[in-house]
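A.B. asks: Residue-level listing of the chains:
Number of protein chains: 2
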Amino acid sequence: MERLGQAARAAATAMRRTATGPKNAALLAMAERLTDARAELLAANARDLARGRESGLDAALLERLALDDGRIDAMIEGLAQVAALPDPVGEIDGLRSRPSGIQVGQMRVPLGVIGIIYESRPNVTLEAASLCLKSGNACILRGGSEARESNAAIAACIRTGLLDAGLPEGAVQVVATTDRAAVGRLIAMPEYVDVIIPRGGKSLIERISREARVPVIKHLDGVCHVYLDATADPEKALAIAVNAKTHRYGTCNTMETLLVDAPVAEALLPRLAEAYAGHGVELRGCERTRTILPEATPATEEDWQAEYLAPVLAIRVVDGIDAAVAHIERYGSHHTDAIVTEHYGLARRFMAEVDSSSVMVNASTRFADGFEYGLGAEIGISTDKLHARGPVGLEGLTTRKYIVLGDGQVRR
Amino acid sequence: MERLGQAARAAATAMRRTATGPKNAALLAMAERLTDARAELLAANARDLARGRESGLDAALLERLALDDGRIDAMIEGLAQVAALPDPVGEIDGLRSRPSGIQVGQMRVPLGVIGIIYESRPNVTLEAASLCLKSGNACILRGGSEARESNAAIAACIRTGLLDAGLPEGAVQVVATTDRAAVGRLIAMPEYVDVIIPRGGKSLIERISREARVPVIKHLDGVCHVYLDATADPEKALAIAVNAKTHRYGTCNTMETLLVDAPVAEALLPRLAEAYAGHGVELRGCERTRTILPEATPATEEDWQAEYLAPVLAIRVVDGIDAAVAHIERYGSHHTDAIVTEHYGLARRFMAEVDSSSVMVNASTRFADGFEYGLGAEIGISTDKLHARGPVGLEGLTTRKYIVLGDGQVRR
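Line by line, the protein sequences are chains A and B.
Here full-length UniProt numbering is used: position 307 in the first sequence is 307, and no number is missing along the way.
Here full-length UniProt numbering is used: position 18 in the second sequence is 18, and no number is missing along the way.
Hints in this document: simulated from the structure, not taken from any laboratory.
There may be inaccurate statements among the hints.
You can't tell identical chains apart in this list, so a pair holds if it fits in one copy or across any two.
Unchecked claim - Below 20 angstroms or equal to it, Euclidean Cα-Cα: the simulated SDA-like pairs (lysine to any residue) are:
#1 236 / 99
#2 236 / 412
#3 218 / 387
#4 218 / 188
#5 236 / 100
#6 202 / 297
#7 202 / 97
#8 202 / 184
#9 218 / 309
#10 236 / 101
#11 236 / 408
#12 218 / 83
#13 236 / 410
#14 202 / 214
#15 202 / 251
#16 236 / 309
#17 236 / 103
Produce the complete structure using the sequences and hints provided.
C.D. replies: Have a look at this one:
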């Protein structure tokens, strides 16, 4: 790992100086190499899958591990999309003259060396590499051992793509060893690694955050809420509450608790229950919910904290926006929360008072996503407050330094 | 500390919702209270000083601890200045429409609860409180035990100022205990504290960074360079090289190593040496420097890494910008580095290639400062790459969350 770290640090210095042209050329060269290597990649993936089946990996894990032509097409297309994104590096903001005569502004620059630790999905290898490369960083990628042959095949395409474009091999390094101690070393080399981004389940992220000696951009849980205010348009309320829960169950921006303002609970809850029943969603309600929907299971304290990632929904009847905001503050995970309302003042209050990475008015929580937000791509969703908050795109992989332009000025 | 943490968390929720008016009113009320309490504050400070002298504190520490009418005037004036700064909270950037019909933007919001740990200077208590308050945060302040009576007197003014304006007392809490274990607890309560800012010597900051369980915005050393390129205007080169070293010795943005391009070393070094001699600056030079300035002490490897904070300067003759940038990359602390040049391309290269929090062309490194940059105030200079880099003003005490405005949109 020391050796990888040194190579990454040296490559980061070179990448910082690399113009947009060669970076895009490398991304497109990787796409070409991947097109040529499709058969080898599928074969490597088949070997990973066979080994996974033998060692008894569960079906969900095997599904995430599997590549097919469609997924490889998406990987190739993704490279072209990242090449088409504007290069954030070198952008200068707010350059203004000061009374001393100097001009001061901020220039966007790469973070340096980014370590990414992820689980079974091999397409993350390419996605992470392309975003780090475009943003002028060097990266060290550590994927799951179950995907090692797929990752090695992808790494070969990345390496030749870099060399085709005249960029240093060290700009993207895929850790070959499956030794778990390698992760421990990677997250404890502040001299070589500027930031760690773990992608995966909560336990992986918690362990890495606890043990890391370099900054971590982390994505913990998404206990997301929709609050249906008394002034909500009933059709918007129904559409959003159903979409936020049922569009996909396993994603972090899926609603886990629905809060309903008391005056409209009797009108809305039966219609919602019918829609949820059509999707097979199990309902767990507070006492007031259960007087309207007796079929709901009684919700416990744990339900308000739960990230179900499953067709289960907690429902609570609340008295107005203060109770809704207080519930979100107490039980939420500060990921994404939405209000449905037609009241201007309440919309403004909800936006100001809810301290989450995404706060929405009259839209489904499922929109909390780098593509939907127009970032072009995302490397994850940060639940941290510092640096990057919410979906992290190319900009989140950069930082800003001050630049000062003078004509010989000295400080008096 | 638990109790302080809980009170701060509750106050942070209230402060997040507080408009600019009451925040400014509290700042101005504190200024009034301080004006009225001037005699008590001077008396409390005199007791701190007497105790400090008895316990044998050194002269520099006593100097930092001492308050007089001038320093109290500056504190009062500082409150008015912070009140006059624009409020960063609620500012919305980049709101744009997406193909789905939602509008997405970013809103600037407070970080939450900020813990600040500092040493002897009692005026930091008021400065830190005013910046955290204006940026909508709650703060817990832990000053040095040698300043405890001064800090208690200032805390009383802060508390009554908060109450005068109807803001919660918990918005600014000054830790009364001088128990060192309190610091250990403060930096390990992620449930109550969102970020720690240590202000003080390197050993304090290193210890806190090592032990903290919440994010730290840190300011480590300033090993700053000025590189005099062969194309530099000699008068600008002399003015900047002399100012960057001699304007003040103990500040982090003071130049510690001067790099001189070989073709101009013979012309510039004797003139520089004469100017430095006039200021009593001791020179330590590389071998090439010493062939021109035989009176310079031979520089060792340690000199290239030294943050002297004293009238001592290391000088190295280098071959062009590549050698200069390589030296800065290897030995610098990524704080502030400047080039003096009249060459357009070299100015651009230096700005792009030097990875420091401030990079300057034809200006003295001494300008790296929140006031000089127009931030209005600064709580410190960050040498971190994530979140805030360089001087940290009100904006560095905030973060941005995504806001989504819709009309009932759901994800397809």
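A.B. asks: Against each hint, give a clear statement of whether it holds in the structure.
C.D. replies: Here is how each hint holds up against the structure:
For a Cα distance limit of 20 angstroms, the shortest separation of residue 236 from residue 99 across copies, 19 angstroms, qualifies, whereas the shortest one inside one copy, 53 angstroms, does not. With identical chains, the CA atoms of residue 236 and residue 412 are at most 20 angstroms apart between copies only, with a shortest distance of 15 angstroms across copies and 62 angstroms within one. Both within a single protomer and between protomers do residue 218 and residue 387 lie at most 20 angstroms apart by alpha-carbon distance, with minima of 11 angstroms and 14 angstroms respectively. Taking the closest pair of Cα atoms, residue 218 and residue 188 come within 20 angstroms of each other both inside a single copy (16 angstroms) and across two copies (18 angstroms).
In the homo-oligomer, the alpha carbons of residue 236 and residue 100 lie at most 20 angstroms apart only across protomers (15 angstroms), although the nearest pairing inside one protomer, at 55 angstroms, exceeds that limit. Proximity of residue 202 and residue 297 under a CA criterion of 20 angstroms is satisfied in neither setting, with 27 angstroms inside one chain copy and 57 angstroms between copies. In the homo-oligomer, the alpha carbons of residue 202 and residue 97 never lie at most 20 angstroms apart, since the shortest distance is 47 angstroms inside one protomer and 33 angstroms across protomers. Taking identical chains as interchangeable, the C-alpha atoms of residue 202 and residue 184 lie at most 20 angstroms apart only when both belong to the same chain, with a minimum of 17 angstroms there against 27 angstroms between chains.
In this assembly of identical chains, the alpha carbons of residue 218 and residue 309 lie at most 20 angstroms apart only when taken from the same copy (19 angstroms versus 37 angstroms across copies). For a Cα distance limit of 20 angstroms, the shortest separation of residue 236 from residue 101 across copies, 14 angstroms, qualifies, whereas the shortest one inside one copy, 55 angstroms, does not. Taking the shortest alpha-carbon separations for residue 236 and residue 408, only the inter-copy value of 5 angstroms comes in at or below 20 angstroms, while the best intra-copy value is 61 angstroms. When the C-alpha separation of residue 218 and residue 83 is checked against a cutoff of 20 angstroms, the pair qualifies neither within a copy, at 26 angstroms, nor between copies, at 35 angstroms.
Within a single copy, residue 236 and residue 410 get their C-alpha atoms only as close as 61 angstroms, which misses the 20 angstroms cut-off; across copies the closest is 9 angstroms, which meets it. In this assembly of identical chains, the alpha carbons of residue 202 and residue 214 lie at most 20 angstroms apart whether taken from the same copy (19 angstroms) or from different copies (18 angstroms). Taking the closest pair of Cα atoms, residue 202 and residue 251 come within 20 angstroms of each other only inside a single copy of the chain (13 angstroms); across copies the shortest separation is 43 angstroms, beyond that limit. Proximity of residue 236 to residue 309 under the C-alpha cut-off of 20 angstroms is found in neither arrangement, the shortest distances being 23 angstroms within a copy and 64 angstroms between copies.
In this homomeric assembly, residue 236 and residue 103 come within 20 angstroms of each other (Cα to Cα) only across copies, at 16 angstroms, whereas the closest approach inside a single copy is 50 angstroms.
Checked against the numbered hints given earlier, this structure breaks hints 6, 7, 12 and 16; the rest are met.
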